[in-house]
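Asker: Generate the whole structure from the sequences, applying the supplied hints.
2 protein chains.
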Amino acid sequence: MPVNLPALLPDTLHPVPGVRLGVTEAGIRKANRRDLTVIELAAEARVAGVFTQNRFCAAPVQVCRTHLAQGSARALVINTGVANAGTGDQGMLDARTTCVAAARALNIAPEQVLPFSTGVILEPLPVERLTAGLPGAVAALRADGWFDAAHAIMTTDTVPKGVSRRIRIDERDITITGISKGAGMIRPNMATMLGFLATDAVVSQPLLERLAREAADLSFNSITVDGDTSTNDSFILIATGQAGNAEIADDTSPAWLALREAVIAAAIELAQAIVRDGEGATKFMTIAVKGGRDRAECRAVAYAIGQSPLVKTAFFASDPNLGRILAAIGYAGIADLDVSQLRVWLGDVLVAEHGGRAASYREEDGARIMADAEIGITVDLARGQADATVWTCDFSYDYVKINADYRS
Amino acid sequence: MPVNLPALLPDTLHPVPGVRLGVTEAGIRKANRRDLTVIELAAEARVAGVFTQNRFCAAPVQVCRTHLAQGSARALVINTGVANAGTGDQGMLDARTTCVAAARALNIAPEQVLPFSTGVILEPLPVERLTAGLPGAVAALRADGWFDAAHAIMTTDTVPKGVSRRIRIDERDITITGISKGAGMIRPNMATMLGFLATDAVVSQPLLERLAREAADLSFNSITVDGDTSTNDSFILIATGQAGNAEIADDTSPAWLALREAVIAAAIELAQAIVRDGEGATKFMTIAVKGGRDRAECRAVAYAIGQSPLVKTAFFASDPNLGRILAAIGYAGIADLDVSQLRVWLGDVLVAEHGGRAASYREEDGARIMADAEIGITVDLARGQADATVWTCDFSYDYVKINADYRS
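Protein chains in written order, with my numbering: chain G, 9 to 416; chain P, 9 to 416.
A few of these clues could be false.
You can't tell identical chains apart in this list, so a pair holds if it fits in one copy or across any two.
Cut-off 20 Å, straight-line C-alpha distance, at most; resulting in silico cross-link-like pairs (DMTMM-like, lysine to aspartate or glutamate) [as the list claims (entries may be wrong)]:
(1) Lys38 <-> Asp327
(2) Lys298 <-> Asp388
(3) Lys38 <-> Glu371
In case anyone wonders, no lab produced these hints; they're calculated from the structure.
Answerer: See below:
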């Protein structure tokens, strides 16, 4: 059961002019399961991507990077079941074979296809089953296919994840719709497992690429479930250019600011949905660190807290065993941190100051906050002006169960 | 149930001339539980210590550092139940009060007392109960008190941990005996939760300090249970100087080499005992990384594997889901790692090479190795001559249970 994540309803995902989506059952790893998605883009579409920094990055990620650098992308192909990571030269061949087959089915060039895979690492991609499934997915292409696609990209996710917003720019409606997946191996470094966000706005390629990086940094790059950075993390931002607004190319224009705000908010919603549906999650925690010298040290402290198995199991138990938070702050790597200056709050309750428990702290206040499903932790490092926020979930029996069972 | 850890028998821990140990029930946090230990040292004893790098280091750790720098230590006082960490100025006062009371009971100076605490963080030390218990612990001092002390320093440990060795130097018997504790919040950074090792050898203070650092680096600083670096990690090496050998002061002498080898082996045995009794452990894993440019990058890779919740849950399930090991290697932080060159073995089975699964790998071979309780993972980075070894355990339901229940 995801934490405070409203059920995704089909009619809440507005179509984005210039985007069509189709899914099918290709039998990649298991039968009777939608596991192959094709997303077709209009010729005018611009695409920007941000990918995993894992050195064992998957073959499709490597192909995506190359194809994006070569220019116009017209289609995305996404399979679940097998990640096509840790697959060596054969994996690269399989990713390219996927592009050739999709290009043939869509009458475009192979370099215009971006492949994505998610699933088990170190197993070969059954590329014949994938390519055999492509015509079916292409035949299913429709503008309102977002809801089906959100389902078809799931692995250990318990619910589909999607977001949709409409804003006004140049007196025109601009739509922003996206989907994401991921529940484990989640500690994105530059992007997340799979996140796709599309708008019909007309925006210049440089600003689109900047927006992809900024949105990833503030959303997918600010979450963790288990601290494991995936081999396949990919975040793709698409601008189909169908909305008829004047091209957004000036980063001081109101149109840019409006688009930027809406895209970042949508990306944060998708990223938080991944944490709310994190493997075994029963709590959703927002860890805000302020008063740092720079954003990097604020993030280091937030991630140390958010990835500590001891902190996460205490939250699972709703036990305000808050010394574990102090220990995590202490080992986060700030060599000259003065612990006598910092302060820690649980929700609105001051927990620690002057290097120890706050005089005003009462265990029952901590227990009251811990009983909630949605909990804030705030740390003031009191040594600068920078801040950072990270979202995470707790660590439960079910995380162990899901990951001890995943391949079986 | 610890993994392949033979039961500690009382008569296997040889007394060390110049060391007496006494324990008592002081009721620090729970009743009917030995929770206070005093270790008395002969006047000739030399002591070296290595402590946690956690910035929220406990009050007793801070007092220990100061007292060790001031010269001769004559006694160690160890309480469980409360860590006296995250306790601010009051915590410092309580640690000093402990030293004053112990000094009075033993007729030594307060600066000659080293205090140690382990248990819950952020709660005040009930120092009156501790000092009230001291006379009882002092009255119980005896040379063969090591076994009782190994019990009295336990927290979530399921078994006591001790080691004892005898070597010959200068045609004299030299004894090395030690005890350790710790089962969770184990990812020592410079030392471990609590480890005490004593020898009666005569060794110079500079070589003793060097040996403490080297032994800690190769033992306690090479283990992880959950990646959480404690606030109270302390490793103490004592040389009582009672053995009558010529002082060991030359680091090229055979006596130094013999003592060094025996102390390091004893420290590794104590450190491995902590992992074998790691919270919820069902498997003991040895992760050996070789072929690195330096020891630091080998350690980074070994710890990335050894701390990955996904790797640890797969081992709990005895599931050779080995792609998770590749993902961990990939995110270990070596920016220019060439994954096509490295090789990975599970036990003696080659799993991965050329960036993917080895052609010779068979799932049944992986499953056979995974069925063991004691498993080796070897990674050859193929880019240099350095190596490092890290020991860890798996991640089970019981880890979650123990840490969701710990305070209750």
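Asker: Hint by hint, say whether it matches the structure.
Answerer: Okay, the hints, checked on the actual structure:
Within a single copy, Lys38 and Asp327 get their C-alpha atoms only as close as 40 Å, which misses the 20 Å cut-off; across copies the closest is 18 Å, which meets it. For a Cα distance limit of 20 Å, the shortest separation of Lys298 from Asp388 inside one copy, 5 Å, qualifies, whereas the shortest one across copies, 41 Å, does not. For the identical chains of this complex, Lys38 and Glu371 are inter-copy neighbours only, at 18 Å across copies versus 49 Å inside a copy, given an alpha-carbon limit of 20 Å.
Every hint from the earlier list agrees with this structure, and none is contradicted.
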